[in-house]
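Novice: One letter stands for each residue in the lines below.
Protein chains: 2
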Amino acid sequence: MVGMSRVKPLSGFPEWSPSERVVEASILATLREVFSLHGFAEIETRAVEPVERLAGDSDAAKEIYALSRLNEEEKADARLGLHFDLTVPFARYVEEFAPHLAFPFRRYQIQKVWRGERPQVGRYREFYQADIDIVGRDVLPSHLEAEVAIVMARALAALPVPKATMHINNRRLVEGFYRSVGIEDVAGALRSVDKLDKIGPDGVRAELAGKGVSDTAQDAVLELAKIHSSDSSFVSAIEDLWTTTFTTGDSDAEKLFADGVAELAALVNAVNAAVPGTAVADLRIARGLDYYTGAVYETFLDGHEDLGSICSGGRYDSLVAGGGFPGVGMSIGVSRLVSRVLSAGLATATRAVPSAVLVAVTDEDSRPASDRIADALRERGIPTEVAPSAAKFGKQIQHAERRGIPFVWFPDAGEVKDIRSGAQEPADPATWNPPAEDRRPRIVSS
Amino acid sequence: MVGMSRVKPLSGFPEWSPSERVVEASILATLREVFSLHGFAEIETRAVEPVERLAGDSDAAKEIYALSRLNEEEKADARLGLHFDLTVPFARYVEEFAPHLAFPFRRYQIQKVWRGERPQVGRYREFYQADIDIVGRDVLPSHLEAEVAIVMARALAALPVPKATMHINNRRLVEGFYRSVGIEDVAGALRSVDKLDKIGPDGVRAELAGKGVSDTAQDAVLELAKIHSSDSSFVSAIEDLWTTTFTTGDSDAEKLFADGVAELAALVNAVNAAVPGTAVADLRIARGLDYYTGAVYETFLDGHEDLGSICSGGRYDSLVAGGGFPGVGMSIGVSRLVSRVLSAGLATATRAVPSAVLVAVTDEDSRPASDRIADALRERGIPTEVAPSAAKFGKQIQHAERRGIPFVWFPDAGEVKDIRSGAQEPADPATWNPPAEDRRPRIVSS
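Protein sequences, first through last, are from chains A and B.
The first sequence begins at 4 in my numbering and counts up one residue at a time.
The second sequence begins at 4 in my numbering and counts up one residue at a time.
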């Protein structure tokens with residue numbers, strides 16, 4: 004029906020087989036359920052935004068996929084691009100729908116996003132993100148910074164993945180510290196420290212020096228980045244560092260620093276009280292993005308640290324320019340996670356098809372009788388299909404086997420066979436039930 | 004956080020408020036459930052295909068959105084475009100995954116598609132489609148043409164919309180008849196007849212004349228298009244027409260015609276036996292697309308015929324070029340349907356947020372006690388949120404009202420209040436349940 008040439012996968016655009024899709028769909032359903040239980044409403048936004056809105060952050064601009072209608076050049080000022088995250092569209096949505104929303108507005112959003120990156124291992128050009136945000140009107144209490152972290156920790160704990168550890172820092176703490184050691188371009192310094200894993204301490208030093216940061220300030224910044232603890236003991240390490248560091252005596256910066264330390268300690272304790280063993284205060288977490296103003300989060304899976312952060316976010320002073328919408332949010336890179344679950348065999352689907360039962364067909368004339376049995380089972384929520392042809396029963400059982408359907412129903416005998424064990428028993432379509440674990444496809448952790 | 008200018012909706016890219024999204028999500032969930040109960044496995048395909056694959060059908064080409072990376076011209080032969088339906092990507096998916104699929108392969112697919120149409124009322128540039136197809140390997144029994152129609156009829160009957168009527172025709176019948184009256188360009192004639200509603204009988208005559216169709220053949224074609232019935236009585240009307248029509252005596256064409264008549268009669272009877280009052284044999288249904296070779300379907304909602312067909316499809320000889328994958332499928336235009344449900348007030352959400360309960364906070368020091376109550380409720384599947392601030396209880400109740408949350412829990416009193424009735428009663432978070440209809444947001448038909 005469609006002109007076909009050779010078919011090959013497109014690098015960076017993952018697709019799953021039906022049984023792999025069962026795993027992905029189960030993971031998405033779990034996220035939806037945890038988010039819903041915590042009062043987050045779902046929204047979806049259109050896939051496109053005006054390019055000039057998307058391109059606001061110049062780093063992202065080169066990754067944007069711009070659209071044009073084939074055979075027609077649209078005017079440049081009307082150009083649309085595919086969203087590369089769910090934050091930009093959410094900001095626009097809040098601005099557009101604000102009169103209809105009750106604040107603090109709690110939303111989750113699970114959609115695909117697109118990035119025109121050069122394809123490389125573990126980097127996708129199309130992938131699912133799952134975001135939660137809580138956005139206030141003018142004010143946003145700081146306990147909500149703990150809440151989004153707790154909700155995400157619970158969501159990750161409900162997935163078939165190893166334990167997740169959330170590394171948390173505080174932008175006020177960092178900014179207060181950086182300013183106190185005489186750094187003027189705090190955002191620039193943060194972007195350099197964010198590369199610590201990639202370019203190492205010497206690389207960071209070189210970048211900082213290029214940005215006019217003094218040697219002693221470089222020392223202080225790198226010492227700060229070494230501090231981490233899973234409770235508030237990091238506070239004394241920070242105090243030790245502070246007392247041995249030259250500071251400018253800027254009292255605003257010092258207050259920012261002290262407030263940040265207290266906030267971070269409270270946040271880590273609150274998250275660990277709710278989901279023990281989850282949170283670590285980690286002073287090296289920088290997050291490249293300029294707009295964070297409080298807590299910043301990155302999350303790593305035990306034994307899968309090579310994946311990088313699978314769930315990141317932070318607190319921001321305003322979702323929209325002009326202010327007035329402070330919020331806090333986190334985002335899971337779902338496709339990367341699903342890909343790892345599949346490639347590492349962390350979970351598999353019990354079957355690729357919904358059907359628990361294949362109703363056999365004795366001959367084509369009696370197909371309506373098989374259809375009636377199937378309908379009686381479906382009425383009671385048991386996914387069922389009818390054999391496509393009245394082949395020999397052996398062939399029909401083979402068909403069920405190939406599709407992964409566990410039960411075959413024989414209408415004339417009035418019996419149902421578990422084709423895995425071979426056990427066959429009389430059954431009434433109005434009352435028979437498969438074992439609960441066979442009713443729907445499930446995923447099982449390995 | 005993002006550079007903001009004026010925010011305005013983009014014509015053709017619908018977005019829903021949170022309570023409207025509850026309606027859309029409920030409709031999508033219903034479709035998934037009906038499709039699953041009938042043994043259709045879900046797949047998702049990437050949003051993009053190579054442009055040359057999409058552009059195979061020249062009519063669609065001008066509607067394709069092509070992608071380019073901003074600030075970088077990609078080579079024309081590597082160009083990607085957004086899919087405009089789910090059939091082209093499904094065909095490619097089947098070809099790519101064939102070794103891993105068990106045939107007949109039954110799949111459903113619910114995704115957004117994009118069409119760069121000129122925006123006009125009821126036409127979207129981004130919208131959800133929900134497709135089911137059954138694809139065989141080399142053979143596909145004709146009873147599956149009834150099955151997809153029955154599944155779609157049941158899916159539509161489960162939605163909050165008026166009764167749907169499915170108009171069915173058969174391409175073999177039409178082709179046999181057209182060839183018997185001397186029409187050579189059957190596909191061209193079909194495309195003209197497909198415009199009957201738009202350009203009227205005289206317009207169709209003029210087009211047919213331009214394609215070399217004789218006056219008597221034009222008469223016959225327009226007479227055929229008038230025939231319809233909700234049972235097999237259309238057969239005698241067709242036979243009457245046949246006896247009064249000049250035919251060329253082409254015996255292959257006559258056999259095709261006779262086979263098509265018998266298939267259509269059997270199909271309409273089978274669908275109406277399963278879902279009474281659904282199917283009408285309607286000999287004017289043409290479907291512009293060339294690839295259909297058996298049953299073709301269009302579906303209209305009673306009282307909403309102005310929407311056009313909301314669920315269309317047909318049988319085709321091969322999903323992929325080169326043959327070997329006969330199938331039958333239908334597609335629902337979900338966004339158009341949701342839009343009508345919302346604008347006509349056919350259904351509304353009971354609330355916009357998942358939360359059934361807002362746990363009040365007496366003072367910030369006792370917030371952990373409120374959190375514990377919320378967690379106890381969530382444990383038992385009751386969506387719950389905790390008040391964002393320890394304001395006066397009156398304010399907290401107002402907050403619940405604005406968010407549409409029906410119950411407020413008072414931790415100190417150990418009581419829960421239905422804020423709609425004002426009724427308040429002692430409650431234990433380990434055992435209390437809201438009425439079943441309040442547990443989750445639902446949609447109610449009006």
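Calculated from the structure, these hints are not laboratory results.
Note that the structure is a prediction, hence the values are computed from the model and not measured.
Heads up, some of the hints might be wrong.
Identical copies look the same in the list; a pair holds intra-copy or inter-copy alike.
[What the hints assert, rightly or not] With a straight-line cut-off of 20 Å between C-alpha atoms, the simulated SDA-like cross-links for lysine to any residue are:
| # | residue 1 | residue 2 |
| --- | --- | --- |
| 1 | K214 | I446 |
| 2 | K11 | H103 |
| 3 | K11 | T48 |
| 4 | K115 | E18 |
Novice: Each of the hints needs a verdict: does it hold here or not?
Specialist: Checked hints:
no., hint, in the structure
1, K214 / I446, "neither (51 Å within a copy, 58 Å between copies)"
2, K11 / H103, "between (46 Å within a copy, 15 Å between copies)"
3, K11 / T48, "between (30 Å within a copy, 13 Å between copies)"
4, K115 / E18, "both (13 Å within a copy, 16 Å between copies)"
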